[in-house]
Amino acid sequence: MNFETIMFYVFAALIVFSALRVITAHNPVHAVLFLVLAFISSAGIWILLEAEFLAITLVLVYVGAVMVLFLFVVMMLDINLVRLREGIWRWLPFGAALAGLMAFEMIWVLGSSGTSGGKVAIKHAADYSNTKELGRLIYTEYVYPFEIAAVLLLVAMVAAIALTLRRRKDAKSQVVAEQVAVKKADRLRIVKMQAERKE
Amino acid sequence: MMELLQTLQQLGLELLGPAWMPVWTIVKIMVITVPIMLTVAYLTLAERKVIGYMQIRIGPNRVGPYGLIQPLADGVKLLFKEIIIPSGSNKFLFIAAPILGLAPSLAAWAVMPFSDGMVLTNVNAGLLYILAMTSLAVYGIIIAGWASNSKYAFLGAVRSAAQIVSYEIAMGFALVCVLMASQSMNLGDIVKGQQGSLGMLNWYFIPLFPMFLVYLISGVAETNRAPFDMAEGESEIVAGFHVEYSGMAFAMFFLAEYANMILIAFLTSIMFLGGWLSPVPFLPDSFIWLLAKASFFLFVFLWLRATFPRYRYDQLMRLGWKVFIPLTIVWVVVVAAWMQTPLWVW
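Residue numbers (our numbering), protein chains in the order written: chain A, 1 to 199; chain B, 1 to 346.
Keep in mind the hints are simulated off the structure, nothing from the lab. Any given hint could turn out to be false.
Mimicking BS3-like on lysine-lysine, the simulated pairs with C-alpha atoms at most 25 Å apart in a straight line are [claimed, not checked]:
1. Lys322(B) - Lys172(A)
2. Lys183(A) - Lys172(A)
3. Lys91(B) - Lys151(B)
4. Lys183(A) - Lys322(B)
5. Lys151(B) - Lys81(B)
6. Lys322(B) - Lys169(A)
7. Lys28(B) - Lys192(B)
8. Lys81(B) - Lys91(B)
9. Lys132(A) - Lys192(B)
10. Lys91(B) - Lys77(B)
Work out the full structure: start from the sequences and follow the hints.
As structure tokens, then:
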């Protein structure tokens, strides 16, 4: 067993363990932190596959930004732990069926000989930059799906802001432009006066 | 020097065989980490001295000549203080938070080039790696705030998380401009891209001047330094996220903040000021230039702290979202267009 294989099993075991803890942890904050661990471990597996761009982007976007906001929200919510755990036995069969279906799909897709690249990771020279390669593909071959995905995300963002942004009529706010434009003479009056003398 | 290293390599390989690689890597890591820790110690002294002189005081001058042993005295004091764990806190996360805060700021140094070819790991996606590592630093703060089970600490953590996430975007876009100009994400290649016969006129701070300022100011905000130290805000929330920490646990946050400052100073020098390159063509390139540039930026950090009053929170958010992010997006487009014209000479 070489070093890479050992690392793969270490990361894989970490992912399975932390994913299980995400759904079994009592405290929601712990669950989010285990999800972070799962993301970092999967980034490790991607690094082993020489997909360093995807791996680092996973850490940067999911761990560095998305999960921080998750943590933010979970910490501020007043979650009733007892109610959260209610009905776990009722939904377990449904969840298990869904998980089984997803596992079957993944095995089906990855196991079929039709996937390009086969079962062995392709090794590249040290100066190979998969960032450049990905960029080239995204902006040439897959430019339409890429742009459509971008527009969809933009629409979703605008919609989310439009749904949650409520302006209160009585709220006080500052006009920053006016504040910035203020001159010293508008606010300050310097009075010249004689020094007071002691009698 | 190089020959000595090579004989050392040979000797180690013969003595330890396959176990030599980890040992050698740990030695290299220590060679980077120990000077950083020493710099952190003396940066605290420099900060107190510089701010002292700016406020017409002397600063620490009792321990050793000119107060030079003051950082050691502070370290010993913190080491012997009791670490108090608040009741109702989450013990494991309370202890883990300072470690999570310090680790990424040290890990980021793995891809830092100190001079031509002098780098621990020469990663192609070095710039991305740095961005990823600096974005992880927020976990230490946010977990510390939550695990302390204290309102002030939590408020500080929430403020800091919002601040870091906002300014990271502007920082990322500023680095996208550097990446476009150098056409590489390898930090060593970014410096080499700034090499030229004109010395400092070849550096990226000229075409990317607005980005240089945005990066520097966002760097101050990222490290939670004054005037952006809303996360601590002594006058409002006592000391923010680390209010419940004492002794060495507190010192870890302190170390993390200063290590981050040094990191940002080095990164700014590498991205915009040509790293180890000499500013004038007739002097040789050397590591000393990088040190000089980084020291200047560290001085700027201290200078800012002594000069400006703390921002108000809404002003901080406005600066991040409504000034910096639009500016960086516009400049990405400007640079992209500029690079298509013959006027781009960098």
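Exercise for review: Output the numbers, in ascending order, of every earlier hint that fails for this structure.
Suggested key: Failing hints: none at all.
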